[in-house]
Amino acid sequence: MKLVQTIILKKQPRIIGSYTIVGPKEGNGNFGPYFDYVMKDDCFGEETYEKAERKMLESAVTGVIEKAKLSVKDIDIMIAGDLLNQIVSSSYAARAFQFPFLGVYGACSTMAESVAVGSVLIDGGYFDNVVCCTGSHFSTAERQYRFPLELGNQRPPTSQWTVTGAGSCILSLKGEGPRVTMVTFGKVIDWGINDVNNMGAAMAPAVRDTMLRHFKNTKTSPNDYDLIVTGDLGKLGSEILIDLMEDEGITLGVNYCDCGQMYFKRDQKTLCGASGAGCCATVFNSYLMAKMREGQYKKILFLPTGALLSATSTQQGDTIPSVCHAIVIEM
Amino acid sequence: MEDKKRNEAYNKYVSAKIPKTRPWPTLFNSFWVGGVICLIGQGVNDLLLLIFPSLSEQSAWAYTLIVLIFIASFLTGIGVYDQIGKFAGGGSIVPITGFSNSITSPSIEFKSEGIVYGICVKMFTIAGPVIVFGVVSSMVVGLIYWIISLF
Numbered sequence: 149m150k151l152v153q154t155i156i157l158k159k160q161p162r163i164i165g166s167y168t169i170v171g172p173k174e175g176n177g178n179f180g181p182y183f184d185y186v187m188k189d190d191c192f193g194e195e196t197y198e199k200a201e202r203k204m205l206e207s208a209v210t211g212v213i214e215k216a217k218l219s220v221k222d223i224d225i226m227i228a229g230d231l232l233n234q235i236v237s238s239s240y241a242a243r244a245f246q247f248p249f250l251g252v253y254g255a256c257s258t259m260a261e262s263v264a265v266g267s268v269l270i271d272g273g274y275f276d277n278v279v280c281c282t283g284s285h286f287s288t289a290e291r292q293y294r295f296p297l298e299l300g301n302q303r304p305p306t307s308q309w310t311v312t313g314a315g316s317c318i319l320s321l322k323g324e325g326p327r328v329t330m331v332t333f334g335k336v337i338d339w340g341i342n343d344v345n346n347m348g349a350a351m352a353p354a355v356r357d358t359m360l361r362h363f364k365n366t367k368t369s370p371n372d373y374d375l376i377v378t379g380d381l382g383k384l385g386s387e388i389l390i391d392l393m394e395d396e397g398i399t400l401g402v403n404y405c406d407c408g409q410m411y412f413k414r415d416q417k418t419l420c421g422a423s424g425a426g427c428c429a430t431v432f433n434s435y436l437m438a439k440m441r442e443g444q445y446k447k448i449l450f451l452p453t454g455a456l457l458s459a460t461s462t463q464q465g466d467t468i469p470s471v472c473h474a475i476v477i478e479m
Numbered sequence: 792m793e794d795k796k797r798n799e800a801y802n803k804y805v806s807a808k809i810p811k812t813r814p815w816p817t818l819f820n821s822f823w824v825g826g827v828i829c830l831i832g833q834g835v836n837d838l839l840l841l842i843f844p845s846l847s848e849q850s851a852w853a854y855t856l857i858v859l860i861f862i863a864s865f866l867t868g869i870g871v872y873d874q875i876g877k878f879a880g881g882g883s884i885v886p887i888t889g890f891s892n893s894i895t896s897p898s899i900e901f902k903s904e905g906i907v908y909g910i911c912v913k914m915f916t917i918a919g920p921v922i923v924f925g926v927v928s929s930m931v932v933g934l935i936y937w938i939i940s941l942f
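From first to last, the protein sequence lines stand for chains W and V.
Residues in the first sequence are numbered consecutively from 149, following the numbering used here.
Residues in the second sequence are numbered consecutively from 792, following the numbering used here.
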């Protein structure tokens, strides 16, 4: 059924397997024990960080196919994205495989975007097994958006730490696993924030918009979900979101959390928390999937957000537009 | 129009909410680390004059700068200077060691793009403005000095 922005899936594709690979710092974070593979160093045996990011995405795809007990031949299409210019990491990772590739970009919301697109493709009856993959790398993102790693500058208190990690999952109608039941595609929202070191504040209005639309369309409220998880608003951004939703008469209570805020331990000095496409991708495909399979959570609303800026747009003084896509996962 | 008002209100709300940097501890760390760097510079200078008594004061200054630049560049290479910078902020950015760090760090970072397009092109991405303003302001000062000397 199609409502404005929202699709209620009839066939409800299942997430039959998920896989995560992260860097050492992430492995020491709060979700450490849930990741499938923790790299020994950020280079992953490659010469450059860009090559390492590629290899991460590639390994995530190979890993998830293996984990779902499928073979490469069973995959119909791969939907992937990352943060680098021209989403090179995903395209180069897809080069290693013999299935079609759809590149998607939604900055840090890419995981939800790929799962949403994949579920709709399966629901339409066109594909059987879709692999969705998203990742980011701290060192490649820093170099593209900010400063060289060895530069001795200080990070402002609102800044967040890009996660080195990739997460992947396989959507299918056959097999066991949590179901994707609803999808709400978000609009691009810009409330005039132009501080690149304050992504949380730039992205919170996008979550507000998608969340309001989703609740309205599906006639649900926060209490209908065991968990409402936003992507990487971070400490400040999630506080802002709670305020924004309160203004709309919706209270986000104990069942609300944010991947970015929870990701790292306090002594890991990441200021406002984690960010990056790999942030919610690795939490979603490790911790959240594990807890759903265990039965701890039955119904999750997952809303990753992406700040759709580039280094050039920032330098030209533009404000930061953001997008947020919502997916509902039920066990 | 309504959007503009909403954005202004939102920006105001956000700037009231963002965590602020604590000025006193930050300034204190910046001050003492910057001071230590200057002390090291003075020490090197005095040592040079002691070892080479025939050295003119001006040459000693030049050699001191070279020594400081080398130390900072070396510390950047082994990944120590960015740690100092995280702690000291302006204290380690303002002295010439910070300038050295701002040239060495992109050189290391962009080594992967090759010597010409990587190291040579990107070397001055951060230090470039400092050099431009340095050259331009010295030209202006020189011009003023020349005009005054005419009278």
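In short, the hints are calculated from the structure, not lab data.
All residues carry an ideal CB built from backbone N, CA and C; glycine is no exception.
Be careful, since some hints might not be right.
[Claimed, not checked] Ranges between beta-carbon positions, derived for each pair:
| hint | chain 1 | residue 1 | chain 2 | residue 2 | range |
| --- | --- | --- | --- | --- | --- |
| 1 | W | G323 | V | K796 | 48 to 56 Å |
| 2 | W | L321 | V | I906 | 49 to 57 Å |
| 3 | V | V912 | W | S369 | 34 to 42 Å |
| 4 | V | G925 | W | V236 | 32 to 40 Å |
| 5 | W | Q292 | V | F822 | 55 to 63 Å |
| 6 | V | V921 | W | D374 | 51 to 59 Å |
| 7 | V | K796 | W | Q234 | 42 to 50 Å |
| 8 | V | P814 | W | G323 | 42 to 50 Å |
| 9 | W | Q292 | V | T812 | 23 to 31 Å |
| 10 | V | V921 | W | D222 | 53 to 61 Å |
[What the hints assert, rightly or not] Result set (EDC-like, lysine to aspartate or glutamate): computed pairs, CA atoms no more than 16 Å apart in a straight line:
| hint | chain 1 | residue 1 | chain 2 | residue 2 |
| --- | --- | --- | --- | --- |
| 11 | V | K795 | W | D338 |
| 12 | W | K199 | V | E848 |
| 13 | V | K877 | W | D222 |
| 14 | V | K902 | W | D466 |
| 15 | V | K803 | W | D415 |
| 16 | W | K417 | V | E848 |
| 17 | V | K795 | W | D466 |
| 18 | V | K808 | W | D391 |
| 19 | V | K808 | W | E396 |
| 20 | V | K808 | W | D466 |
Hints the structure fails to honour: Violated hints: 3, 5, 7, 8, 12, 13, 14, 15, 16, 19 and 20; rest satisfied.
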